[in-house]
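Model the full assembly from the supplied sequences, consistent with the hints where possible.
Protein chains: 2
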Amino acid sequence: LQLRIFNLNCWAIRYLSKRRQERVQLIGDKLRWEGFDLALLQEVWSEQDYSDLKAKLASSYPFSHYFRSGVIGSGLCVFSKFPILDTLLYQYSLNGYPYMLQHGDWFCGKSVGLLIIKISGILFNVYVTHLHAEYCREKDAYLPHRLVQAWELAQFIRHTSKAADVVLLGGDLNMHPEDVGIRLLRGWTGLQDAFTEAECFEGCEDGCTLVPSNCFTVKAELLPFPLGIRIDYILYKAVSNFTVKCQELKTTKGTAPGVDIPFSDHEAMMATLHIHRQGQPGGATTTTMDPKLVDVVTEARMEVEVGLRAARRQRYWRGRMAVLALLLLLLQAAAALGTLVGLGAGQPFPKLSFSLLAFLATGVLLLATTLHLFHTMEVKMLQGTEEQMRRVL
Amino acid sequence: LQLRIFNLNCWAIRYLSKRRQERVQLIGDKLRWEGFDLALLQEVWSEQDYSDLKAKLASSYPFSHYFRSGVIGSGLCVFSKFPILDTLLYQYSLNGYPYMLQHGDWFCGKSVGLLIIKISGILFNVYVTHLHAEYCREKDAYLPHRLVQAWELAQFIRHTSKAADVVLLGGDLNMHPEDVGIRLLRGWTGLQDAFTEAECFEGCEDGCTLVPSNCFTVKAELLPFPLGIRIDYILYKAVSNFTVKCQELKTTKGTAPGVDIPFSDHEAMMATLHIHRQGQPGGATTTTMDPKLVDVVTEARMEVEVGLRAARRQRYWRGRMAVLALLLLLLQAAAALGTLVGLGAGQPFPKLSFSLLAFLATGVLLLATTLHLFHTMEVKMLQGTEEQMRRVL
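Going down the list, the sequences are from chains P and G. Read in order, the letters of the first sequence correspond to residues 1 to 393 in the UniProt record's numbering. Read in order, the letters of the second sequence correspond to residues 1 to 393 in the UniProt record's numbering.
FYI, nobody ran anything at the bench for these hints, they're computed from the structure. Any given hint could be a false lead.
The list makes no distinction among identical chains, and a pair is therefore deemed to hold if it is satisfied within one copy or across any two copies.
[Stated by the list, open to error] Cut-off 27 Å, straight-line C-alpha distance, at most; resulting in silico cross-link-like pairs (BS3-like, lysine-lysine):
| # | residue 1 | residue 2 |
| --- | --- | --- |
| 1 | K81 | K351 |
| 2 | K56 | K139 |
| 3 | K118 | K162 |
| 4 | K81 | K162 |
| 5 | K81 | K54 |
| 6 | K245 | K162 |
| 7 | K118 | K139 |
| 8 | K219 | K292 |
| 9 | K245 | K351 |
Written out as structure tokens, the structure reads:
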């Protein structure tokens, strides 16, 4: 069986992404023209764009699914030539902070979507995902969250793919190939990287998917990486007695073929996989851990612990702020009560500033309490992941 | 293989549950004395209680796991005689409202926990869960959320149990046996009810787990049900060529044996299951839907649609409130600006009420926006579930 897969982070944010509608049209044209078996898309934030694509691709990809999640939507969708038998969405337990409005990851409810597809009697578990973005590589405050996501992704794949013949994962993982999260994901699931395994590769050097030659990328962010970075992946493995080989992998090179603009700020990946029945089980999930994997899990666990300490600090400070605001409010209430019953020598403060202060204190109290609760949840989830990793070790 | 299982909603809320510490001690004593193979507990909200139980049961149940989630914790924990090979937590996408402080379900991050356990070469997938409470049966505002949870629970079990030999589910489902959610869960997973299947039953009439004779239950809530209600369950099925039979099911009857207080406001369930290898696959997941299941899914879908309409209304009203607050603020800003540049005949409002109004408007704006976002997420998740159910039909 030969399977042709398309994977792209479409960068289709309403009102924010440049030339969005034009690009979505281009992506639709490409998909229709090429007739892939499976197209895995990320960052299709607008359901209208999905509906437009669906209408356009109805004849060539009769089956499709959009994963709803978060405030804006997960942005994940899939177009398929073959019937989608079932779907499941797993929302990551940690995904940035709601108050980081400028980053906005929290509002998308980042998730992994699972699709069950049967092609010529072979059962495929297809996963599509998009992990938390990396905004500053030097001081990456979101690394613990992304590691929790990578761990949850690996665990979700392990637990749901046991009856599958072939596992496929496509998505924007926001991690470089040598990052601990990718090593953790690949080590813990046994997934193979289409780029490193490809018999024939054609595209950007080193398989990069975010390259300076793309006119939509932020050049300043790519300064330390003159060739670009590789953060989008197609990963696969055979679970039962099948083997999967990547015959060919292509990426776009900064522009869409035949036009002057790229599909997105990311490059599209197009893989041709060859699946055949004979042979030994491929990358079966390891039951005894090899020492290399132990190192990776230990490294990931240490990063999670760093995040845990930070989350605990945040929780402590928000709690403290809430207590201070509460004390101030109580003090004001006591002063007001004193004036009312005529104990003090009249109201010593001007009424206006007194009321403003009370309102301010109430605002701080509510905000700090909410943040305290949020960071409590963060601590819980980081603790849970850390414990799971410890159990595995 | 004979397996003895204990299941109990422990009602161990710190500061709120009556005689908590005494009861947790009693539960620990019972578990140690009886030596079950597996104890599935819910509502162990305090990690201290879990640690105490763990220390006490270290010799009889060397393996245990506490599922962390939400602000307070999921309350779910498991004690096992046999090694726990792996765990996974799935947090339900909908779980009440954060502003319903008096109900508090939202703060627990209600989830289903999965444990993989191997006993005598038989692979068990053990699930423990606690669904959203029902506060008013006549006008149950949480029914759509509980149905989404039941659906997600069923889907999670279906997708993760494909390699298991035996599936076990224990927990407080907060649904009566004839409720649509239970029928959906059982129909869609093929799980069997230990109470109806038990060869020998001893306990409260009709297998009730919330009974008037228990001194901790709220009598007023049980008025329409003189015998009590059955909302805690042990469900099971054999996936591969195994058969599972429930030889015996017992419940406590309002008090713990030998003492004057009950373990909890719920009754404990104790099941003895008999698992043997020969025989045809038991309740294998149905591939073609029988007409009865179609009816159940249709009924559930209609309830989800009712919830969807309510969520949309909420989202609309919160949005409207936010817009009104914003308009008021803009009006105030214009008036203040007018006074500043000397256009108007001085400030016509007293400064104090003017400032208070501005603060109030800001507060309403923030609150309404947050709620609007929250209900947008609710709409998304209800839509997603409704679509999944439609696909299944």
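Hints, verified against the model:
Proximity of K81 to K351 under the C-alpha cut-off of 27 Å is found in neither arrangement, the shortest distances being 70 Å within a copy and 67 Å between copies. Taking the shortest Cα distances, K56 and K139 never come within 27 Å of each other, neither inside one copy (43 Å) nor across copies (44 Å). In the homo-oligomer, the alpha carbons of K118 and K162 lie at most 27 Å apart both inside one protomer (15 Å) and across protomers (16 Å), since each shortest distance falls under that limit. Taking the shortest Cα distances, K81 and K162 sit within 27 Å of each other both inside one copy (24 Å) and across copies (25 Å).
Within a single copy, K81 and K54 get their C-alpha atoms as close as 12 Å, which meets the 27 Å cut-off; across copies the closest is 52 Å, which misses it. Taking identical chains as interchangeable, the C-alpha atoms of K245 and K162 lie at most 27 Å apart whether they share a chain (20 Å) or sit on different chains (25 Å). In this assembly of identical chains, K118 and K139 lie within 27 Å of each other by CA distance neither inside one copy nor across copies; the values are 43 Å within and 43 Å between. For a Cα distance limit of 27 Å, the shortest separation of K219 from K292 qualifies neither inside one copy, at 35 Å, nor across copies, at 59 Å.
For the homomeric pair K245 and K351, neither the shortest alpha-carbon distance inside one copy (76 Å) nor that between copies (75 Å) is at most 27 Å.
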